[in-house]
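Participant: Those protein sequence lines, which keep their order, are chains Y and U.
Under the numbering used here, think of the first position of the first sequence as 133, with each following residue one higher.
Under the numbering used here, think of the first position of the second sequence as 362, with each following residue one higher.
Please keep in mind that the hints were generated in silico from the structure rather than gathered at the bench.
It is possible that part of the hints are untrue.
To be verified - Among chain U residues calculated to face chain Y with C-beta under 7 angstroms, some are:
(1) L469
(2) L476
(3) Y482
(4) D487
(5) S496
Every residue, glycine too, gets a C-beta built ideally from N, C-alpha and C.
Here is what each chain is made of, one letter per residue.
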Amino acid sequence: MSFTKGTRFIVGYFLFVALPVLGLVACLKYGHALKAPVSMDGLWGVRSSSMQPVQLHCLAEGAAAPKSSISISQSGKYLSLSMVSGPEIAATGTINERTITLSADASAIGLEGPGCEAYRRFNITATLGPGDRPQSLAGVLSADGCASCAPVSFAAVRLAHSGSGGRD
Amino acid sequence: MPLLTLVLQVAVILATCRVIAGLFRRMGQPRVVGEMFAGILLGPSMLGALAPRAEAFLFPAASLSNLNALSQIGLIVFMFLVGLEMNPNELKSHGHSTLLTSHASITLPFVLACLLSLYLYPRLSDRSVSFISFSLFMGAAMSITAFPVLARILSERNMLQSRLGTVAIACAAVDDVTGWCILAYIVVLIRARASAASVWLTLLGTIAFALLMIYGVRRLVSRFGGLYRERGELHENSWAFMLLLVLVSALCTEWLGIHLLFGAFLMGVIMPKDENFVRYVTDRFEILSVVLLLPLFFAFTGLRTSIALVKGPEMWGYCALIILVAIAGKMGGSMAASRIMGLPLRESVGLGILMNTRGLMELVILNIGLDLKVISPALFSMMVLMALVTTFMTTPLLRLMYRESPARAALAEVDSADPSGAGISAA
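Turn these sequences into a full structure, and let the hints guide you.
Facilitator: Below, the structure written as structure tokens:
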């Protein structure tokens, strides 16, 4: 059975153009209900911390001190955190609903000083404030491999967004 | 010493791009692939990982705005040249098969990208970006074709008049114009998000501007063609006036709320299309834009690309999925549509391979998306890898396709594929 060029065109246009366009409309309609993680990238200022000087010195001077700033880069649910000033501390993690979990290897942080060998890995668990673009977060910083180290609580407020998003 | 830093940066970028692109040419790859790769080498993915101090010295964060500004000027000129080489007659239908293939080569990758967005949006985006913006952007980014690269390959092989050449050039032209229109709409949506009224204002303003360009300014710029025909060259004042028009057009579209590059592109589209005139203008501009300024854009893109962000099997899985969908949509869509319209299998496959080349045009779109925050840094890096892979695979696939008779002709076609790399530049 052979088709004329006109018939092929109609069938082809239906299969390769009309149907996909219908699929596109359905896709956009369905996707409208999808929820992405809350937006939290940008600059955050650590406003309060229960961190003691003895714990601080292992993170190098001023790194996690009160009023220091942290920069969070977000790619969907994947986060990376770095200190804006002071030594380079980079942690990576994820966001799930309003809870963020980040961790950094002590070796990556470059801990120095006596007693710091107890710290193997730092973990941060925090909860974000309300809204799609939360302005606050509160959580704890804990260290693996250090039984005597109590978790340190901290709070931070958003200082700046990294830029305008594609909201419409 | 911002000026010294900038000069040092330009020198390092230029040298790296020429060396790496030369190496890629020896491998039979278009220069554009080498330059894209050189950009990544200079960024945090390679130089930053191996010698962070050298990267911090060469590309301090504070200096990047200067580098970006310079590269954007290069892009404005480049987009003008892309528009200049685009002949609106190519957008007209060349028959049923071209009409179907060109439309299918847009809709299929577009829809596949939107379907992929359903999976990626909750994972690689956040709530500051709406799903519609995200998916439309992904669709536009996946359906783009490197029109200049394609046109250069075909014209240098005298294949423009062949059936494959006619279909490919028409499809690429339709794809790019459609892709840019969709992108313009997305930019309008995002920038004018404050109120629905401003969206309409921008859209109406853009339409009015386009009409003014097509029916008003076009007559004015047709004088350039006349002057060239009379004298065989253009006076310095004509060059200055032409550049002025490009810059003013770019500024107009930026003020309207879309993007500088759209104005430059439109200015190129309305220029006279006499073949000699187009070649004359392109030759004059390409040393500045393609040889000097475009490598800065590649480097700037590389500096924004951090492959370290693509971490772990999950992230690499997303990356592989993006590449697969991009290839399936563009290559598969073009191939299937042309096949159903009766194009021989060999030509259908050739068309699919050519249409899958994304090259520099993809990077331009991705950078706009990252600037607008429609895509996240990790997704940007994945999409850059996709652009690199799809552009890289074109030459080996064409070689494979035309390995048999007429082998020599086909290999020659592959070897000469856009030696300049950036597409606009002549051999």
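Participant: Which of the numbered hints above does this structure break?
Facilitator: When the structure is compared with the hints, none of them turns out to be violated.
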